[in-house]
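Per the working numbering, residue 322 is the first one in the sequence shown, and the count goes up by one each step.
Since the hints were derived computationally from the structure, they do not count as laboratory data.
Among the clues, some could well be false.
What the hints assert, rightly or not - Calculated pairs, DSS-like style, for lysine-lysine (alpha carbon to alpha carbon, straight line, at most 30 Å):
id	residue 1	residue 2
1	K593	K532
2	K580	K602
3	K532	K376
4	K376	K580
5	K376	K593
6	K593	K580
7	K602	K376
Small disclaimer: the values here were computed from a predicted structure and weren't measured.
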Amino acid sequence: MTPSTSTFSARLDEAARLVEASLEALLADNLRHGEIARPARLMEAMRHAALGGGKRLRPFLTIEAARLFGVEGQGPLRAGSAVELLHCYSLVHDDLPSMDDDDLRRGRPTVHRAYDEATAILVGDALQTLAFEVLADPETDPDPAVRSDLVLGLARASGLGGMVGGQLLDLSAEGRYGAVTMSEAAVRQLQMMKTGAILTFAVEAGAILGKADAGARRSLMEYGRALGAAFQVADDILDREATPEALGKRTGKDQEKGKATLVDLLGLDGAKRESRQLVEKADAALEGFGDRAQTLREAVRFVVEREV
Numbered sequence: 322m323t324p325s326t327s328t329f330s331a332r333l334d335e336a337a338r339l340v341e342a343s344l345e346a347l348l349a350d351n352l353r354h355g356e357i358a359r360p361a362r363l364m365e366a367m368r369h370a371a372l373g374g375g376k377r378l379r380p381f382l383t384i385e386a387a388r389l390f391g392v393e394g395q396g397p398l399r400a401g402s403a404v405e406l407l408h409c410y411s412l413v414h415d416d417l418p419s420m421d422d423d424d425l426r427r428g429r430p431t432v433h434r435a436y437d438e439a440t441a442i443l444v445g446d447a448l449q450t451l452a453f454e455v456l457a458d459p460e461t462d463p464d465p466a467v468r469s470d471l472v473l474g475l476a477r478a479s480g481l482g483g484m485v486g487g488q489l490l491d492l493s494a495e496g497r498y499g500a501v502t503m504s505e506a507a508v509r510q511l512q513m514m515k516t517g518a519i520l521t522f523a524v525e526a527g528a529i530l531g532k533a534d535a536g537a538r539r540s541l542m543e544y545g546r547a548l549g550a551a552f553q554v555a556d557d558i559l560d561r562e563a564t565p566e567a568l569g570k571r572t573g574k575d576q577e578k579g580k581a582t583l584v585d586l587l588g589l590d591g592a593k594r595e596s597r598q599l600v601e602k603a604d605a606a607l608e609g610f611g612d613r614a615q616t617l618r619e620a621v622r623f624v625v626e627r628e629v
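Let the sequences and hints guide you as you build the complete structure.
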C-alpha cells in the first residue's frame, strides 16, 4: 500500500517538529551532569545554527529506518538529533571565510556573520561534541553495544574517511593546492564522502537501533548510499536552476570557483537521468522490506523532486 504525498509530508513535518523540540531541550541553558557552565553567547549562537530551519531529513531517515524494526520513541529521536547536530556543525564550518565564505544559510545570516568567526568555530566544535555526547548517553539506548556502534558509525561517517575528508577534496577541487582536473570518478568520490556519508549513516543508525541482521543492515546502507548520491545530484541541479531567494543561500558557487560537478560532466539532462536511476537503485535496495519501507521510498523521491 502506497502512502499519499500528503501522508509522507505529514510524517516528515511531524518528525521535524519532534526534532526541533529535542534540539531545543539539548540546547537549553540548564547544566548537565559534569558541566561547569554554559556560556550565554555560545548557547545563543548554537541555537542560531541549529534551530528554526531545515527539513530535518537526516533525523527523519533515522526515525523511519528504526521504525522498520519496530523501534520508536526517544531512542531514534535522540540518535537522529545527534546526526542533525553533527550536520549543523558541518554547515557552520562550511560557511566560514576559510571554506565557502557564505553570508546566508536557510535565509538567515551565517553564524560567523551574525556573531564572529571565532564564535562560529567554537559553535561547530560544541555542536560536534554534543552530537557524540547524545549518542553515548544511556538515554539514547540502554544497550552499551548499540551506543558504541552509533558513536563508531557517526565518527567514521563524519571524519577523515567521510565528511571531513570530503571537504578537503572539495577544497582541492577548487585548485587551492594546485591545478586539478576532476574526473567523473573523482567527483563521485568527493560527493560520496562530503555529503553521502552522513546521509548513509542516518539510515544505518536506524538499523543499529533496531539490531538489524547483517543482510538488512547492508540493504539499508545500499539505500542510504543511493539516496545520498541522489541528494547531491539534486543539490547540483538546484544550484543551477533555483534562485538564491528560493534556496535561502547563495547559488552558482561551484561555477564561480571553476569546480566540476556531475551537472558539468553529465549535463542537466544527464544529471536528471542519473537522479531517476538512483531512485530505482534505492527502491531495489528496499525490496526485501516490502510495504513497510514505503516511507523510505517516498523519501528518496522527495530528495530528487524538492525545490529547496
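Evaluated hints:
no. : hint          : verdict
1   : K593 <-> K532 : 36 Å, violated
2   : K580 <-> K602 : 27 Å, holds
3   : K532 <-> K376 : 27 Å, holds
4   : K376 <-> K580 : 27 Å, holds
5   : K376 <-> K593 : 22 Å, holds
6   : K593 <-> K580 : 19 Å, holds
7   : K602 <-> K376 : 23 Å, holds
Against the hints set out earlier in the document, a violation occurs for number 1 only.
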